[in-house]
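Taken in sequence, the protein lines are chains R and X.
Start counting at 1 in the first sequence, then tack on 1, and there's your number in my numbering.
No gaps in the numbering here: position 96 of the second sequence is 78 in my numbering, and each next residue is one more.
Be a bit skeptical, because a hint or two may be false.
Unchecked claim - Straight line, CA to CA, 20 angstroms or less: simulated SDA-like cross-link-like pairs of lysine to any residue:
#1 K21/R <-> A(-1)/X
#2 K21/R <-> K118/X
#3 K21/R <-> N36/X
#4 K21/R <-> A70/X
#5 K21/R <-> E14/X
#6 K19/X <-> M2/R
#7 K19/X <-> H7/R
#8 K21/R <-> N130/X
#9 K21/R <-> G34/X
#10 K21/R <-> Q67/X
#11 K21/R <-> P121/X
#12 K21/R <-> I23/X
#13 K21/R <-> S123/X
#14 K21/R <-> E117/X
#15 K19/X <-> E11/R
#16 K21/R <-> T126/X
#17 K21/R <-> E105/X
#18 K21/R <-> A33/X
Please keep in mind that the hints were generated in silico from the structure rather than gathered at the bench.
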Amino acid sequence: MIDWLHSYDEATARARNDGKFVLLDVFSPT
Amino acid sequence: MDAVTYPQNAVGEAIAAHCVPLQIDNSQASAEPLLQKYRHIWTPDIRILEAGGNELYRWNGYLPPFEFAPQLLVAVAHAHLRLKQFDAAGEIYEDVLKRFPTSLVAPEAFYFLGVSRYRKTHEANELLRNWHELEKTFPSSEWTVKQNF
């Protein structure tokens, strides 16, 4: 199960802290 | 993607190993600044960003699990390559070719494996040997066309 974040700022901060990239998935609910 | 691709272990493992996953709903007004920032136009819209927000790779469109996993790994490898982390890039390209040799993205991995090695060593013969193998293995690939110069 993927633990998706929904905040850009949180994701980039965590990526910086963990030494990872951000996987950004922009989706449409329809 | 949420129903079929993301629940598969190979996909989740590839994401967890290299990425912090961020999902944005393009119907939400609060998402508009991000959609403008990245010139979003169509979903699925998948990007690899460095921590500072710079986009290092992107693609549009649905992929089934055993195409998504190698595509993601190639995207991550390309991100390393653009950051001049040649060993990290090469290791991931090699992993893709070992575990997903018939994937749609395998020719791209082959092409940039040669690039990552060349950018590290500047051994032109190594690059040409790699690309010759690419031509033999994937003769009709766009990446075979692109290695002709």
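Distance restraint between K21/R and A33/X, which requires alpha-carbon spacing of 20 angstroms or less: holds, 7 angstroms
Restraint check for K21/R with Q67/X, where alpha carbons must lie at most 20 angstroms apart: holds, 13 angstroms
Would you check the hint for K19/X and E11/R, treating anything up to 20 angstroms between C-alpha atoms as holding? This hinted pair holds, its Cα atoms lying about 17 angstroms apart.
Is it true that the CA of K21/R sits at most 20 angstroms from the CA of S123/X? With a Cα-Cα distance of about 31 angstroms, the restraint between K21/R and S123/X is violated, given a limit of 20 angstroms.
Is K21/R within 20 angstroms of I23/X, Cα to Cα? Violated. K21/R to I23/X sits at ~26 angstroms, over the 20 angstroms cutoff.
Within a Cα-Cα threshold of 20 angstroms, do K21/R and G34/X meet the stated pairing? Given that 20 angstroms is the threshold and the Cα spacing comes to 11 angstroms, the pair holds.
Would the pair K21/R and P121/X pass a check requiring their Cα atoms to be no farther apart than 20 angstroms? violated, 35 angstroms
Regarding the pair K21/R and T126/X, is the alpha-carbon distance no greater than 20 angstroms? violated, 31 angstroms
Can you confirm whether the C-alpha distance between K19/X and H7/R stays at or below 20 angstroms? Holds - the C-alpha atoms of H7/R and K19/X are around 16 angstroms apart, at most 20 angstroms.
So if I understand the rule, the pair passes when the alpha-carbon distance is 20 angstroms or less; does K21/R with N36/X pass? Holds. K21/R to N36/X sits at ~13 angstroms (cutoff 20 angstroms).
Given the hint that K21/R pairs with E105/X, test it: the Cα-Cα distance must not exceed 20 angstroms. With a Cα-Cα distance of about 30 angstroms, the restraint between K21/R and E105/X is violated, given a limit of 20 angstroms.
Check whether the Cα positions of K21/R and A70/X lie no farther apart than 20 angstroms. Answer holds: K21/R to A70/X is near 12 angstroms, not above 20 angstroms.
The structure is inconsistent with the numbered hints 2, 5, 6, 8, 11, 12, 13, 14, 16 and 17, although it conforms to all the rest.
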